[in-house]
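> As a plain string of letters, each chain reads:
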Amino acid sequence: GDSVTQMEGPVTLSEEAFLTINCTYTATGYPSLFWYVQYPGEGLQLLLKATKADDKGSNKGFEATYRKETTSFHLEKGSVQVSDSAVYFCALRSSSNTGKLIFGQGTTLQVKP
Amino acid sequence: GAGVSQSPSNKVTEKGKDVELRCDPISGHTALYWYRQSLGQGLEFLIYFQGNSAPDKSGLPSDRFSAERTGGSVSTLTIQRTQQEDSAVYLCASSQGQGGEKLFFGSGTQLSVL
Chain A
1 GDSVTQMEGP VTLSEEAFLT INCTYTATGY PSLFWYVQYP GEGLQLLLKA TKADDKGSNK
61 GFEATYRKET TSFHLEKGSV QVSDSAVYFC ALRSSSNTGK LIFGQGTTLQ VKP
Chain B
1 GAGVSQSPSN KVTEKGKDVE LRCDPISGHT ALYWYRQSLG QGLEFLIYFQ GNSAPDKSGL
61 PSDRFSAERT GGSVSTLTIQ RTQQEDSAVY LCASSQGQGG EKLFFGSGTQ LSVL
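Order-wise, the sequence lines are chains A and B.
Using this note's numbering, the first residue of the first sequence is number 1, and each one after it goes up by one.
Using this note's numbering, the first residue of the second sequence is number 1, and each one after it goes up by one.
In short, the hints are calculated from the structure, not lab data.
As the structure is a prediction and not an experimental result, all values here were calculated from the model.
Possibly wrong hints are sitting among the right ones.
[To be verified] Result set (DSBU-like, lysine-lysine): computed pairs, CA atoms no more than 35 Å apart in a straight line: (1) A:K68 / B:K17; (2) A:K77 / A:K52; (3) B:K57 / B:K17; (4) A:K68 / B:K15; (5) A:K77 / A:K60; (6) B:K57 / B:K15; (7) A:K112 / A:K68; (8) A:K77 / A:K112; (9) B:K102 / A:K77; (10) A:K56 / B:K102; (11) A:K56 / A:K112; (12) B:K102 / A:K112; (13) B:K11 / B:K57; (14) A:K52 / B:K15; (15) A:K60 / B:K102; (16) A:K56 / B:K57; (17) B:K11 / B:K102; (18) B:K102 / B:K57; (19) A:K68 / A:K56; (20) B:K57 / A:K52; (21) A:K77 / A:K56; (22) A:K68 / A:K52; (23) A:K60 / A:K112.
[What the hints assert, rightly or not] Using C-beta positions, here's what the derived DEER-type ranges look like: (24) A:E76 / B:T13: 41 to 47 Å; (25) A:E16 / B:N52: 47 to 53 Å; (26) B:K57 / A:Q45: 39 to 45 Å; (27) B:Q96 / A:K60: 36 to 42 Å; (28) B:N52 / A:S95: 32 to 38 Å.
[Stated by the list, open to error] Computed from the model, here is a short list of chain B residues facing chain A with C-beta under 10 Å: (29) E14; (30) G16; (31) L43; (32) E44; (33) Q50; (34) G59; (35) L60; (36) F65; (37) S95; (38) F105; (39) G106; (40) G108.
Backbone N, C-alpha and C fix where the C-beta goes; we use that ideal spot for every residue, glycine too.
Please model the entire structure based on the sequences and the hints provided.
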């Protein structure tokens, strides 16, 4: 079945460091890919998305490129801030099933000043 | 309301009791999802409603779990004969349809089974 695998956390970085959170997926058809973020004490919210191969999603300085050849959707940010500390979830929606959204296990990011 | 509303926010119950969790989606949203988030775990898909289509129940962990959505709006997740391993945060989300649009999540119901 469809699945999403994320790198294990927690990821701890100093402010202004470069961030990469790896995400790979298994799916039939041509899925849409998403990154959701959960800030402390808040609900999940969409960070960015890409709906077809080679698309780049971007928001708040974060980027992720849909790589069909490597079935990946890695999240990157050039310079993290303390306020980026949160749990990040990679997710997919396969085009061949009912349309449900499947999430990865989440990666906790801690940014220290 | 302005967002997805879930109630109760916290529920403590005894093992073996039944519980009902409620979700009020954003008005006009045709898709509704239930997920479970256990401590240290990711988001586990439970069930998905889309318009008048038959729900996708493929994520329900056992026949003790069921959900319904009345009138295409409010949804209730029912857990019968609760077990300690059912303890988790149950999240509801809604969206306008399917095909790449974003989900809006509620704050969740923290269920504790003693």
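> Do N52 of chain B and S95 of chain A keep their Cβ atoms within the hinted range of 32 to 38 Å?
Because 21 Å falls outside the window, the suggested range is violated.
> Does the structure keep K56 of chain A and K112 of chain A at a Cα separation of 35 Å or less?
holds, 28 Å
> Under the criterion that the straight-line Cα-Cα distance not exceed 35 Å, is the pair K112 of chain A, K68 of chain A satisfied?
holds, 34 Å
> 47 to 53 Å was suggested as the range; check whether the CB atoms of E16 of chain A and N52 of chain B agree with it.
Holds: the Cβ-Cβ distance is about 51 Å, inside 47 to 53 Å.
> Can the restraint linking K57 of chain B and K52 of chain A be considered satisfied, given a maximum Cα separation of 35 Å?
holds, 27 Å
> Quick check on the hint: G16 of chain B CB to chain A CB, less than 10 Å?
The hint is violated - G16 of chain B has no Cβ within 10 Å of chain A, the shortest such distance being about 30 Å.
> A closest beta-carbon separation below 10 Å is what the hint needs, so does E14 of chain B meet it against chain A?
Not OK, violated: E14 of chain B not within 10 Å of chain A, min 28 Å.
> Below or equal to 35 Å on CA atoms is what counts here, so check K102 of chain B against K77 of chain A.
Distance ~21 Å between K102 of chain B and K77 of chain A Cα, so the pair holds.
> Was the hint right that F105 of chain B lines chain A, CB cutoff 10 Å?
Interface hint status for F105 of chain B: holds (4 Å vs cutoff 10 Å).
> Can we keep the F65 of chain B interface hint, with Cβ of chain A closer than 10 Å?
With Cβ-Cβ at 16 Å, over 10 Å, it is violated.
> Hinted pair, alpha-carbon criterion (35 Å max): K102 of chain B, K57 of chain B. Please report holds or violated.
holds, 21 Å
> Evaluate the given range 39 to 45 Å for the C-beta pair formed by K57 of chain B and Q45 of chain A.
Because 26 Å falls outside the window, the suggested range is violated.
Comparing the model with each numbered hint stated earlier shows that hints 1, 4, 14, 26, 27, 28, 29, 30, 35 and 36 do not hold.
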